[in-house]
Amino acid sequence: MTAARIHYAVAALVAWQFVAPAASLAAIGLPALFGRPLSERATTRLVGAGFSTGFLAALVTLAVLATRSFVPEVVHLGTLFEVGHHAASIDLVADGLSVPYVCFTTGLCALVNAFAGTYLHREPGFTRFFILLALFGTGMNLMVLAGSIDVLFAGWEFLGISSALLIGFFHERRNAVDAALRAFTTYRVCDVGLLAAGVVVHQAVGSGDFGRLFVGTWPDATCVVSPTTATIVAGLLIFAALGKSAQAPFTGWLPRAMEGPTPSSAIFYGALSIHAGAYVLLRCEALLDAAPAMAWSLAAIGSATAIHAAIIGTVQTDLKGMLAYASMTQAGIILAEIGLGWRILPLVHVVSHAILRSLQILRSPSAMHDRHELAAALGGPPGPSAWSLVPLLPAGLARRLYRVALERGFDEPLLVRFIVGPVRIALESAAAAERRWVAYLGGSTHTAARHGDDGGAT
Amino acid sequence: MASASAHRAEIARLVEASARLLPPQGPIDAFVAQNPLHGFEDLPFEEAVIRAARLYDAEPFLPESRYREELARGRIRDVDIDAVLAADLGDRTLVTLAGGRITLAALQRELLLHPVRMESDSAVRWTLSESSAIEHARPDLDPNLRARLIAVGRAAGKASDAEAERFMANDLWHACLEATSRSRPAIIHVQPPVRHRDLLLAIDPTLDTDALVHPLLIRLVAAYLDQGVASWPMPDRERGLLAACAGLVGWGGGPLESWAHALPDRLRRVAAACDAGPADESVALDVIAAEFAGLGIPRHAWPDHVARSLVALRGWAGMVRQLEVRPDRAPVVRLPVRLVDFLALRLVLDRVATAWALRERRGRSTGGRPDLIAAWIELRDRFPPRRGPGTLARAFLLHQVAQLVGLSGVDVRGLDDNELVEFEHAIAAFDGVARRRLFHLAYERRHAIEVLDGVAAHGTGRPTGGRPGVQMVCCIDERCESFRRHLEETVPAVETFGTAGFFAVPMYYRGIDDWHATPLCPIVVRPTHTVAEVPEADAAARHRQRQSLRRLIARLRGGAATGSQTLVRGGLLTAIGGAVAAIPLVARVAFPRLAARAAHRAADLGGRRIPTRLELARVAETPLPDGTRAGFDDDEMAAIVRRLLEDIGLTSGFAPLVAVIGHGSTSLNNPHESAYDCGACGGGRGGPNARAFALMANDPAVRARLAATGLAIPADTVFVAGMLDTCTSGIRWYDTGRVPATHAEAFGTFRSQCDRAGALDAQERCRRFDSVPLDVSPTQALERVESRAGDLAQVRPEYGHASNAVCIVGRRILTRGLYLDRRAFLVSYDPDADDEGVILERTLAAVGPVCGGINLAYLFSRIDPLGYGAGTKLPHNITGLLGVMDGHASDLRTGLPLQGVEIHEPVRLLVVIDAPPDRIRAVLGRLPAVRQLVENGWIRTVARDPATGSLAVHQRGAFVPHVPEHHDLPTAPNSRSWYQGRRDNVPPARIAVALVPTETPR
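Residue numbers (my numbering), protein chains in the order written: chain Y, 68 to 525; chain U, 2 to 1003.
Isolated chain U, as found in the complex (with noise of 0.2 Å):
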């Protein structure tokens, strides 16, 4: 048939099409934070979020009120409300409505500043009974027009100022009434959806097909995607998703939920047309193109149809695409799943329930089949069209603006018809969602000026002239400025540098204790070479010990645990042996940082650490089973190190000293833990990354190729490497035993200047804590942050990226000294050495997304903690090993949880890329994804010059000058005395112990 070869095909890009609209998030266990509008990003950002509100139901900025507070406490300030609505009327500032009495500028202006109420007929009905609220001017009317108003008032020869303010008062709400009476309400017809779904709930609010159909589509898809919580699997998993859960539920034994009883039938016809088809997608697409007939969905609407039906559900049908499209990121299991396989099934569902849903609203007793393809049609007909509000309500709103616009009851019945028709209009089209748009933009505004203006003050420091004594190489991270500046306020002879925390180095990673290699790299690379890490030889007996005995262990732990689930054993060990749980339920609720200790002790077996090494010098040439190749030969590392170096800008004045710091994050109770791993190392931990880079970095060979091509690495500088636990603030170090005699002194000093860091870095972060107090010291701070790590109540262990707001591609000098709280990502550019741009290329094309994604994250689940984020932790319920639910059975909850996000302030990222406009241009070109961001808006871009230092912001293709509103900029004498005492962010300033030296004694 050539029509169903041409269904299928469409079908299947619609599915493509419409999976692009699905959440980005794979499993949770490498939580990567990515954009939940990816599938958005063709389109500029503000348009976006209010066409992604209307499909997901969710927020697109946050609530109005919110705004509101924000400009009380001045952090949106009137002259943003000015700038922001003077670019966006653009050239329409100068159209006047009113007949001329007032210009759209200063309406939309008023409306901004101060709030109205739309309220419903009856409300006002109500409020007019009630208060007296159209008996007196409005309590926040400007006090000139307050003026105007008594002075017109009296002169129509009112006694008192009150008496005149009530008359003028009473006069306008009389013209108002009278003004709104003259016209009908409106009627606004609205698309009709396109899911049976919604026409019948919008009928019948009780009548709701996806509370029938969810509760088992989801037990389901969990059933088949679970990847190892049940002990007892879904049988034929290997057949497909729509095979295997049509096989199980065709078999039609056990009674149903009534609304379910012409399923068995329809999927045993399914199951067996995947019995006969081919093991491929074109039965699925069958299916669907037969249920859209089945439904009477007509070919325009499928388009519309396969995303709301996907998108009904988008928290388990991303998870489905995810693992579509990234077998290899399964944790466990990897299954044949596709995405057309859940929409056939969810199809089926929804088709017979909606056929039981008409046949109850007819009721019983007309019997007979219902005719789904007419009721489609029928419904749509039907669907209720919005009523306008009534004559009382524009009257009310109408009453409000006019008196903050300053006219008056006599101005009102001036009005002609079409005047009216167009003032109200005004109003109405400045509806809630056009001021939160511009509420938005002007906080963004605020931070982006608090932000330029710091970094245009602060200037650049000079660079050092001779040797720095230490350099330390970390992850872009925004939770490592506070440590880099710490450590520089602590050493000043340090030297810091930014780069995307997996070091140049993508890799499977298997960790002495793994039982299988995770990719360590940004999602989008796929590494190519697996790194094991082994115990040293002269360990390699106490490992196979330990091993064993950790084997043991885990077998009686895992057995008990699962053994306590079931019937006999788990009679026998509750009963017997339960009590023992007493010791670690106590232990670790009432003393929980004794208990981590204890467990950690426990986790180690008592021994010390196993001594290993990393097989990073390639074997053998054969590849791995999986394709990749064991280890990288001398070139590959050549390149690696080559290709960190010249990112940061270090490719001479190598000091004795290197340290590479990548990140990572421990806590317990926590299914969001990978979340506040590396995202540039796919939300794994950057340690092992960082240790394979200084392990190149020292090789002899390696740094033979290097010198060959004019690279060298003087022959005294070593590298070390560490992992900075962002939840303890501490660092692991890595092979401490191979660094030289000559340098255990220096590295020495080193450490523990690193563990004063932390200790500052600690204090810095649990100022945010609001359960902490302001007044902790950096030690007690360190307790704090080390006990939050290991307490199995705490749900904040750490605020992760919440802070993150800024990025800055550019030499460290251009920030050093400036405290930035922890709120900017720090990527290392030089400028000057590159004038072809090439290094800003990669280094654009790995940021942008990163740094953009981790931001957008952030902004949206703050934004709308329910729609985008995952909501609160409190009632999380982990599934399947993949994400978590809100309870028993609800959708997987995407995003990041409230708790994570609660004190993030929602802004774009605001990137400042320390090269010419021309050269940014120039790279753009080059990236297209990146250049979408930018063009679009999802990021907001400032380029500074740096002959001139001048900044240039990126409005709609051109680079604008930015005008500073402020010269100066406050100084401390340390970060601790700047924010020490403060809960809230805390903006710039010039810290001036970490300042670069001007003159370097040598």
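Okay, chain Y solo, but in the shape it has when bound (with noise of 0.2 Å):
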């Protein structure tokens, strides 16, 4: 075969891997949106195709990759704009990073949505799950093969949107609505900083995509732009992982996570939204070797967040709240390993703890029965763990230290506190000056007064 042959049978098959997932969400969302919604059995089937072809398709790729030591192949879909130099382009990359974590995302997907088949039988809002799981998967797929930093935010996209649209899937409850709208609220405020990134690496490079910043094969490539650039984006790039994998200070939603049906609890916080931001800062890697001053922000940040939230988990009286700040610690080794100059570690870190723990989650409703079987055979209930350090604290401390992590580190009065408070007064006062000025420029003050007063309300 010649190698324009096999570039194209490779271009095939990593677009499958997107188009795929992509194509079942169109097949199951069409009808639906048309008021006939497929049956169970059909939609389960098209979304367990999509992901297990895509997995397929993933599996024979790296297998043709592997044979060509991991030389990168990219694959040109089109492109969005062209202005001179400056161009986006919708770009896909197979690398030794991409396809071995496409690998392992869209297996875990076909399994969920196998799980979810079952476990969602007869639930008025199946359809709608297997949507957003379908959505979700695209998004993911995207994300991670995406060779530019725009198809990258594309990706991000879909997965905020899906997991939010998850976390409320059961709207009728007030307690999950809210605990979606935050983990919203909590993706857009950090969405910014890839979005800023994106813009940044246009400016610097003229263009979005990783072909022109980086150079060299992942994990040794370098990159292209001065230190000073690769320290801002490499920032912007943090910040933005920081909220999916809520690291410090955006620990908060994520134990609210826990309120859509446990399959999507599973994939989602147990496994791939969770690691989405490790994915990102590992395929932006070069830019972190070049700023050392955000590597080791990022491998403080991570291990202060693992610090927390295995205090925090050890007071956890409930299995997916439990389980949830056990992801968190993860997520914060697995940055800080990021942060310290591992690629391989933390990307098999990545994999290993998100397969455990979605079993964990799938598993939790199990919880009774598991204690039960574990206290038989210890012949008692599983004592204090030998492990725990709390027995050397002194008991005051520890009762203070115990509130703490009861609490949860107060993250919410924290957040309140320092950031949701200041930022409210700083638009609410941004909206009256904008008011004033408008009332200023159109020559009334009558206006003004008045709504002024509308505004003060709300």
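It should be emphasised that the hints constitute simulated quantities derived from the structure, not laboratory data.
Glycine residues also receive a C-beta, built at the ideal position from the N, C-alpha and C atoms.
Any given hint might turn out to be false.
To be verified - Just so you have them, the derived chain U footprint on chain Y, three or more residues with Cβ under 8 Å:
| hint | stretch |
| --- | --- |
| 1 | 374–380 |
| 2 | 393–405 |
| 3 | 463–470 |
Unchecked claim - Computed beta-carbon distance windows for the label pairs:
| hint | chain 1 | residue 1 | chain 2 | residue 2 | range |
| --- | --- | --- | --- | --- | --- |
| 4 | Y | VAL127 | U | ARG602 | 29 to 39 Å |
| 5 | U | GLU239 | Y | ASP287 | 37 to 47 Å |
| 6 | U | ALA621 | Y | ASP437 | 52 to 62 Å |
| 7 | U | PRO988 | Y | ASP437 | 22 to 32 Å |
Build the complex: two chains, separate frames, hints provided.
Below you can see the structure in the form of structure tokens.
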């Protein structure tokens, strides 16, 4: 086979990994849009077909790439716009990072799809769940295979919206909707980081293409921009990653996100969504190499979050909350590993952790059963962990630390006091200023006063 | 202080009274279905559900649309509506309305048969402008009425029928509008609520103080009650809920949410009081009194305030209560927990949140501390009255109703003011709840007629003359009904009995793999005996090896599970070994049945089961540390055996083989697993009880004692025991090695017959599962139900008691060969051997609360899956090993999950007792609790006179003869031909093959 033919074959395979879930999304979404949702069986089969063929395509691609020592294959799908030297093209890239990762994500999605097909039987929101799952899978693969920061952003956004909608899956319950809104707001705030990073990259290299930003193959690539630019972009990407991976100071949404059906909690907060930030940072690792200050900050934030979440996790009394903090701990460690310059270790860690944690969340309703078996085998309920450091603390300190942990490190009031409150005041004063300006420019003091009154009430 | 102690006593009394309003559900690992409205049982059912619905903000009946669907498909019939209306109105049937133009009965009948819409003024305005609703007569109008309408219209000179109809409809509309315009809409003054939260919410829907208080309260109570989810338990738990939480939050370190700034201060004082005061409940009672004083709640509002404050978070409050009264049911840790502590804590939080909310409302500018005491009175004065419907809305309603009862525009104009008010009042009084109540009665009536006609038409077969080949004693559980029926169809020479599935053996039982003894008996009983399962002597060494291997594996697995949640170990474990989890993940999801089998094999450590025996006989006279005695002595055993055999009427004619079959259910990933176990064993599995009973009945010493008192069990009769897994439809047999060689062959045959019956049972169950095709064979069905039991993703491993509706107390001969669709609890009782009603008394004492409780738990969970049930299982989150929450921080969800009740038909249990009405009345006189259930209509009771076979239905204290609608009963060759191909409930039928042969060949 000639190199060109192999290239086209690989291109088709890579495109399929993204197109297959997208096609299943359309296949189940369109009938539902016209008020004729497919049967449960057809729905799960279509989505399952999308994920499993995507998975097979990824496996074949991996095999082909392995024979070619992981030389990246760039698949050019089109160009969004082109102005002089500046271009925004839609590229996918298959390399040693993206293809193994797609194998893992689509494989896991296929499993969760099979699980959910039984689990959600007769649920009124059955079709909605699978539409969101397919949307998530599409976004995930788009993000993973992205060859440019623009495509990556698009995938990232699909992830965010499907995640928020699944947290609020039981939208008749107030808690669920509040939690969904909370997650969505956190995502949106942090999305600004990714968007701004895209703008800076475009400004610096005239394109969002990773091919123009990095030289060399992952994980040994280097970036072509100045250290200052690298620091800015890395900082913005880290900011984006902190939100998705529930790192300090954005930790509060994750335990609250356990409101959706169990399988969605498993795949989002045990497995894939929580590691999206880590993936983006791995993808852009060359920027971190070029920006040591940011890399160290990442390591510091990741470690701090890990310690914070590990302590809080010990006092959680609900299974899913406990698993949420366990996920957060590992996500923190993974980010710290990335910050410390490892590449393969965090990748392995992500995959390994995701599999373990999604299994734990999927079988969390078995906790009674498992506990009983464990106690039976041990001849009594498992006692306090021999590894626990709590007995070493003085009683007064232990009590206070317990309180801090029970209040989840006071994340809520701290967030309100130091971030939400000031932002709200700033926005309100900006709105007031705008009204004053409009009134001044419009030459009327009367309307300004009236609007001011209205604004005060909101 | 005299007043302080008086306050204390009163508050203690109020808390005690309100505790009855909390869900009766204990820790979820021993789920016992009980009436969630047990606190209302002293009221008649219909009144109770309506009052309870108001208290709990729940639904009293199914939605009206649901009943209308049932009406449309014939599940409710017009005759049922007429009958319940006539019974309900009594002598008011003849009341006339609208100047004698119609009767109240006719009005109510029309309102039941035809839906009317009650809309707001603006909705009516929209309807008027956007549709031609008032331009036509109702489409569902009776043809005669329509003809009359058209005739009148034609007489008024309209050219066509359509025009005449339009004219009349329009004219009626204007008449209605004129009529309702004459009077002003009513203002309905409602009694304002007593909690500040409800008062504030009525004024400002964004200000919900419970939304502030509950997250913190849930976190604290969950942490306090936790049975071992958190690896770091709450400090100072032994000091009680109030002291522990006050001590914790009283330390004001760390920033707090804005509402809670005043909280640490207040709780520090509570903590100080706890430190200084006695360890009893007086501190909490004083705190409650102080909070009431601070909140400005006057004495007369205390009872309601206590009730509402507890009910606001009733899942958690109920769990506190359960662990207070039954500490022995705590899964792991016994805690000194008290409901008064919970209430005190809640009121402290409530007051702080209320003060903050009032300040928020006034705006910070005014400053100062809000006067809570004045606020309560002020808020109640300002509580918004409810407006009655407006002129347009009333006219729209009147227009619809007038058509239904055949009033024309002229008629409506002819009404004087009094008549109009009276007519409108009659319509308004027959509101949604009133209609649903009657619909529900009609719904239940149809069910009763179907069943009673079936029972009456089936009659009795004649008893067998010869000695039966096998006898089987099962639980009364309605899930055993199908198993018994299929067994009888497979083996005509079998005779079956039903009795409460703890087989009269109340005990704490410790299985060979259990770490502690759990009670196996009805929850109202506290056992006084403990029985342990121990390995056989020759297997003891193997058992020890196996135990140490198991312990090692458990240490590793448990260590890995908890370790994966920690920092350092978790990092290493997940990074290095996490991918190993891919094997169980893929296997469990993609190949559930294989994975479950592999897991079972792994749990058995590859080897055979360890042969075991029960330590049933009394070993030592000294009581165990928990006050119980180890094992039973011969007299106790003889009493148990005698009691059970007398209960079921098996005192002579013993078969060579008597099988005693308990039941239980195994399923995976199911927090409500124990809800599927045996209710008579307190949510445990009844196998050990069956095994114990069989051992007792085989014991020569016991038999000698029985024979001495006139109950002779033949020497060639052998008892065997087993446990039916209602999820997999398979039986696990016990002590098979002890079956004597003389009976080995008969036992072997019987086992294979049971396997066949189990497969048929599985097939009959599968017809209810939407995901199983209707044409599965018994073998395929068996595979299906087995794989459901081991499937992580399966939220409906079985349907539990979802089909319960009937309970028949009587000889099996009344129901043998009668297809009862797994809907009937079958309690064996021989009326001929019980003239005094002694046996009936103890039978009803158990059956009433147990079956009634199961039935009512399902009924209410089905009627309101959110208010009384646990809602959908999909977001359930196990908390503290005590119960489930929805998502991350909700009230504990009590009741049954939606997936367990979705196919349930909510009708009150129809109990048919095969005894003369006088005997039943006499027995009820001796059983006040059951009598209350019967007389207040929580169960529907029917007497079947054993002499005549006639049925009489209990109505308002009297037994009224049942008049059958149909005297014939469809006949099917076997059960399978009757149920196959149907998903819904199947009516009774006579099953030819299972009928007792009238002439038994010797």
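State the violated hints by number, sorted upward, taking the hints as numbered earlier in the document.
-> Of the numbered hints, 5, 6, 7 do not hold.
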